[in-house]
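Student: Here's the letter readout for the chains.
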Amino acid sequence: MTDTSRQIPGAGMLKGLWVTLSTMFKTIFLPQKHLRTVNYPKVKETPVPRARGVIALDQEACTVCMLCARQCPDWCIYIEGHKEEQPPDKPGGRIKVRAELDRFDIDYALCMYCGICVEVCPFDALFWSPEYEYSEQHMGDMLHDKERLQDWLKTVPDAPALEK
Amino acid sequence: MAIDQDTLRHMSEASVSVELETQDMTLNIGPQHPSTHGVLRLVATVDGERVFGVRPVIGYMHRGYEKLSEVRTYPQITALINRIDWVSGYANEVPFIVAAERLMELEVPERAQFIRLILTEMARISSHMVFMASYPLELGAATPLFFALRERERLLDLLEGVTGGRFHPNFNRIGGVKPNAGAGPTQKKTPQDLPAGFFEETREAMERIRHAADQLEDLIAGNEIIRARTKGIGVIPPEVAVAYGLSGPNLRASGVGFDLRKTENYLPYHLFDFDIPTGENGDCYDRWWVRLQEIRQSCRIIEQAIDGVPEGPLQAKVPKVIKVPAGEVYVRAENPKGEMGYYLVSDGGQGPYRLKIRSASFSNISVLPWALENVLVPDIIAIMGSLDFVLGDVDR
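Which chain is which? The protein sequence lines are E and Y, in order.
Start counting the first sequence at 1; every next residue gets the next number (the numbering used here).
Start counting the second sequence at 1; every next residue gets the next number (the numbering used here).
Incorrect hints may have been included.
Derived list of chain E stretches under chain Y, where covered just means 3 residues or more per stretch with a C-beta under 8 Å from a C-beta of chain Y [stated by the list, open to error]:
1. 101 to 115
2. 133 to 139
Okay, the calculated beta carbon distance ranges per label pair [to be verified]:
3. E/H138 <-> Y/A196: 55 to 61 Å
4. E/D74 <-> Y/D307: 53 to 59 Å
5. E/E80 <-> Y/R300: 52 to 58 Å
In short, the hints are calculated from the structure, not lab data.
Keep in mind that this is a model prediction, so the values were computed, not measured.
For glycine and all other residues, C-beta sits at the position ideal for the given N, C-alpha and C.
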């Protein structure tokens, strides 16, 4: 165990002060290299592409299968849908039934950002977006509907390149 | 504070006139945030500055994870157990996943094991950096906080780049690490392997961590005030440490060189060369010193691991709906705070029948009533802070 500062009283304190002093001058004279923080509202850091910021929804891809709502550990996804009959492609053909999405709400006040819904979605309708600026004044306003979730789809980045 | 207890008792009695009968006072400290990250209540019996005994009252953060796990599926539990010890979320996942894999008799691909190991060590460094930041702060030194948290933030950026989460990575899956799902329309088809440039950035980060460790040593190790507050304070002899079930850096600071990374095989630690730092006296200073050395050892492990990450798949073949065969297993792992163990009992369903969580901090604070006997009031904070517990880990 190092016991260096026993000889001269105050030596340990001076050593510590030298660290703070040198760091101060480094950040003043070489801010690009040594300054680690950004001036947030004016300067923004780019989040990493995989960052779990917000869940975006592709309404076209959703088939109202409810897998995400059932797998969600805290049940913060609310889905409602109805069946819609579509005319057959050619006369005399089978009537097609298509599920239409009426409501797709995610309560971000409850969401714990685990990403299970994104993972279980079999039709690639849910995506993670690194968008993070969606705080609200009231907790109830954190419930976002499908239009808002659709808007976030634009912010979904491409996958990052992989190591080797 | 270097004055021993008997002298002090003598002094305080001498200053009070003889006919004044002093009376012990029961002092309630908490339940709000005395020195730790969470809510702990201490009922202390004090006479002036002297503390005769302390009774910790825990349970304010009980979230019932053990019971909750019985009604959740395995992927859902992985997300939950991140939150047990939130300072090192990643390290919590690994033993649970390994327990499930042992019951399923799965062979995990080597690359996945290496990624787990690298990220676990990163979690260890970031957890110890929080200690390096908070412990001097509790003793009244604010500067080391900025040095430690600055480097920790870089590490968390790296963790986020791989897993997508800073605190709650939720990256492990039974059979490997997170497959195929994540951000981006193209990413759903590609596996979540390490992003490009990860090795280089990690190497740089390790350089910086070493530098920060040197800076922290210069700032704290020689500082006369810190030494006076921590040297010889809160001495836990090895017999007591073992008797109370201490583990991790707290045990090693008492001189017991016990590290599950060397004795268990939950991750391929045997491939790497690293030392187990142990303290000599088991006092607060040693507990700080051991954690500083562990940061350096973790840097060594990570540097060796990123040189040797093998090629290969990230995920073993697992069914889509995961059912773990009936049976029981106990897997323990060296967490930043100590031994983290999961006793998993499965009845063949989609979730465990019973999950017993052995968390390190719970055992570590059980020594508090012993360690806080006959100390001074300011030493409560010094001793409690040096045990480095997280209340989420205590109460689960």
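Student: State for each hint whether it applies.
Tutor: We went through each hint and held it up to the structure:
no.	hint	result
1	101 to 115	holds (count 4)
2	133 to 139	violated (count 0)
3	E/H138 <-> Y/A196: 55 to 61 Å	41 Å, violated
4	E/D74 <-> Y/D307: 53 to 59 Å	41 Å, violated
5	E/E80 <-> Y/R300: 52 to 58 Å	55 Å, holds
In terms of the numbered hints stated before, the structure departs from hints 2, 3, 4, listed from lowest to highest.
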